[in-house]
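K.L.:
Line by line, the protein sequences give chains A, B and C.
Residue numbering for the first sequence follows UniProt numbering, beginning at 1 and increasing consecutively.
Residue numbering for the second sequence follows UniProt numbering, beginning at 1 and increasing consecutively.
Residue numbering for the third sequence follows UniProt numbering, beginning at 1 and increasing consecutively.
Source of the hints: derived by calculation from the structure; they are not laboratory data.
Don't be surprised by glycine CBs; every beta carbon is placed ideally from N, CA and C.
A portion of the hints provided could be inaccurate.
[To be verified] Derived contacts from chain B toward chain C, CB cut-off under 10 Å, selection only:
id, residue
1, Ser-7
2, His-48
3, Gly-60
4, Tyr-96
5, Asn-97
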Amino acid sequence: MGKRTVVPFGPQHPVLPEPIHLDLVLEDEKVIEAIPQIGYVHRGLEKLVDKKDFKQFTYVSERICGICSFMHGAGYCMSVESIMGIEVPERAVFLRTIWAELSRIHSHLLWLGLTADAFGFESLFMHTWRLREQVLDLFEQTTGGRLIFSVCDIGGVRKDITPEMLDKIVSVVTNMDKELRDVTSVFLNDSTVKHRTVGIGLLSKEKALELGAVGPMAKASGIRRDMRTQGYCAYKYLEFEPITAEEGDSYARMQVRIGEIFQAIDLIKQCIEKLPEGDIITKIKGNPKGEHFTRVEQPRGEALYYVKANGTKFLDRFRVRTPTFANVPALLEILKDCDLADVPILILTIDPCISCTER
Amino acid sequence: MSFNKKSPWILHYDATSCNGCDIEVLASLTPLYDVERFGVVNTGDPRHADILLITGSVNGQSIPVIKQLYEQMPDPKAVVAVGICATSGGIFADCYNVEGGVDKVLPVDVYVPGCAARPQSIIDGILKACDILEEKQKALKGR
Amino acid sequence: MDEQKIKEISPDEILIETVDLHSAGYRLVAISCTGKDGVELSYSFDKDYDFIHLRVNMDYDTEIESITPIYGYAFLYENEIKELFGVKIKNIIADFHDKLYRISEEAPFKEKEEE
Numbered sequence: 001m002g003k004r005t006v007v008p009f010g011p012q013h014p015v016l017p018e019p020i021h022l023d024l025v026l027e028d029e030k031v032i033e034a035i036p037q038i039g040y041v042h043r044g045l046e047k048l049v050d051k052k053d054f055k056q057f058t059y060v061s062e063r064i065c066g067i068c069s070f071m072h073g074a075g076y077c078m079s080v081e082s083i084m085g086i087e088v089p090e091r092a093v094f095l096r097t098i099w100a101e102l103s104r105i106h107s108h109l110l111w112l113g114l115t116a117d118a119f120g121f122e123s124l125f126m127h128t129w130r131l132r133e134q135v136l137d138l139f140e141q142t143t144g145g146r147l148i149f150s151v152c153d154i155g156g157v158r159k160d161i162t163p164e165m166l167d168k169i170v171s172v173v174t175n176m177d178k179e180l181r182d183v184t185s186v187f188l189n190d191s192t193v194k195h196r197t198v199g200i201g202l203l204s205k206e207k208a209l210e211l212g213a214v215g216p217m218a219k220a221s222g223i224r225r226d227m228r229t230q231g232y233c234a235y236k237y238l239e240f241e242p243i244t245a246e247e248g249d250s251y252a253r254m255q256v257r258i259g260e261i262f263q264a265i266d267l268i269k270q271c272i273e274k275l276p277e278g279d280i281i282t283k284i285k286g287n288p289k290g291e292h293f294t295r296v297e298q299p300r301g302e303a304l305y306y307v308k309a310n311g312t313k314f315l316d317r318f319r320v321r322t323p324t325f326a327n328v329p330a331l332l333e334i335l336k337d338c339d340l341a342d343v344p345i346l347i348l349t350i351d352p353c354i355s356c357t358e359r
Numbered sequence: 001m002s003f004n005k006k007s008p009w010i011l012h013y014d015a016t017s018c019n020g021c022d023i024e025v026l027a028s029l030t031p032l033y034d035v036e037r038f039g040v041v042n043t044g045d046p047r048h049a050d051i052l053l054i055t056g057s058v059n060g061q062s063i064p065v066i067k068q069l070y071e072q073m074p075d076p077k078a079v080v081a082v083g084i085c086a087t088s089g090g091i092f093a094d095c096y097n098v099e100g101g102v103d104k105v106l107p108v109d110v111y112v113p114g115c116a117a118r119p120q121s122i123i124d125g126i127l128k129a130c131d132i133l134e135e136k137q138k139a140l141k142g143r
Numbered sequence: 001m002d003e004q005k006i007k008e009i010s011p012d013e014i015l016i017e018t019v020d021l022h023s024a025g026y027r028l029v030a031i032s033c034t035g036k037d038g039v040e041l042s043y044s045f046d047k048d049y050d051f052i053h054l055r056v057n058m059d060y061d062t063e064i065e066s067i068t069p070i071y072g073y074a075f076l077y078e079n080e081i082k083e084l085f086g087v088k089i090k091n092i093i094a095d096f097h098d099k100l101y102r103i104s105e106e107a108p109f110k111e112k113e114e115e
């Protein structure tokens, strides 16, 4: 038995865009245990319900995280709509789905880029982010914002997408599909990437269930769980199957995410094909009273929104349980018995979003 | 002739940002915006850095980290506050765990507006910081 | 849309109810807390999209047992609730002793008495 050393990891670290701190207990090169220390990004935004009314809070909820911004906004709006019994126009529901799936593409591409950077594949990082810019351009052209675009509102959406723009979205994602096949084939076939990911960070199906993993983390371990199959938004009208893998290693998680990018492209096309005509927003009257739990499938997995309202402008409670929060126990598990050199890759493999986690 | 101005190295730290500005900082390094054409290199090591980009407002936990990063950077150095949260706290100014803008802790040289700050304005901010770096360099030499 | 199934239980029933759900194969989704008019804890569970909640209403002085012996990964939720709401949860495995977020204000979500 070697001597035990504690190596602090973070909060500022070259591969981490966000601060998280881990105390890694090492025995020679092996990690025995990882102790998390969070709180660097904790703002306490859930408490803002006391100061911002429930309509203003849409903007706060979009700023839980800049990557999954749209879905946070939509999740909050869906909760309030359920409490108030608002019927959202069909067109708005489809438009939300289009933006949500575009967000998924941009989030997964962002992750692929960061992962490539962690391997030391800088030009691959640049290539994936170049492709990602096309999605951001679509956001900008349809909503005016690149990341946080405040298009979702209680009762529907604020902006419509014109038929010309819809055609453009289809052509952009179709072209992107081709380019993506080239870029993602490097991730899936390159021997260096395989060397760094295959068999690294194994999470068995039993462990994933036991630790409550969600999203690609669970899907890559063979758990077929995807909240979209529950048919919120327009998913009930679309045909798709959750993407899963069996191996449960870092490579499988990458496969799942890459698969989800192509799935998202397909879903966007289906949405545009089936997009109904009509209004995009319902006027809301009064204040919400009641409570509701809503679950949506974000790029990182299942997110839970809880809203409790008391009939006044100000909510009693807003709570969000983000996917990264649920994946932290699984991260601590896969860090056990790994090599120190693999720690950055393993942290990235859960697609961490610290600002979501700490809020 | 300032070497710093021609090739400043930047260090990015996320104080309590929501990620929006962070990924825009990264996006400004990638091919479409390409701040590297100005000789800017992103580094992970404070001891190599000339410009500190901070996104997000500061809280009790991040203040010592920011101070330490700033102290580790060699002179001359410039601080850029990216995004409205780094400027004043923005939408989160009322939160219990938000102390306010970065200027509560460090002398900020350039404020970049926006929520999330756009890559164009981040590049603008970095270039402004380059000029400030040069001035600081001259002042250092004059001593 | 998820159906809202909320089952009200008393604070001392929490372990029994949780053990039942655990042996039935349910997964803990989240523990949420509301701090207005006393403590309201919601334990959310899921199994094959069957989404149920256990609801505990109590006051700030009541102690509740931790469910970490049954669901180990509940430690994050419980530490969070303990720190942010000042709820008394006992016997947490991996107790951070109110040092998870290390915020400067004590129990910011706890309803303060008017001064």
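K.L.:
Each hint should be assessed against the structure and marked as holding or not.
P.N.:
How the hints compare with the structure:
1. With its C-beta approaching chain C no nearer than about 38 Å, Ser-7/B sits outside the 10 Å limit, and its interface hint is violated.
2. For His-48/B, the interface hint is violated, since its Cβ never comes within 10 Å of a Cβ in chain C; the closest pair sits about 29 Å apart.
3. Taking 10 Å as the C-beta cut-off, the interface hint given for Gly-60/B holds, the closest approach to chain C being about 4 Å.
4. Nearest Cβ of chain C to the Cβ of Tyr-96/B: about 4 Å, under the 10 Å cut. The hint holds.
5. For Asn-97/B, the suggested interface contact is upheld, since its CB lies about 5 Å from the closest CB of chain C, less than 10 Å.
When each numbered hint is compared with the structure, violations occur for hints 1 and 2.
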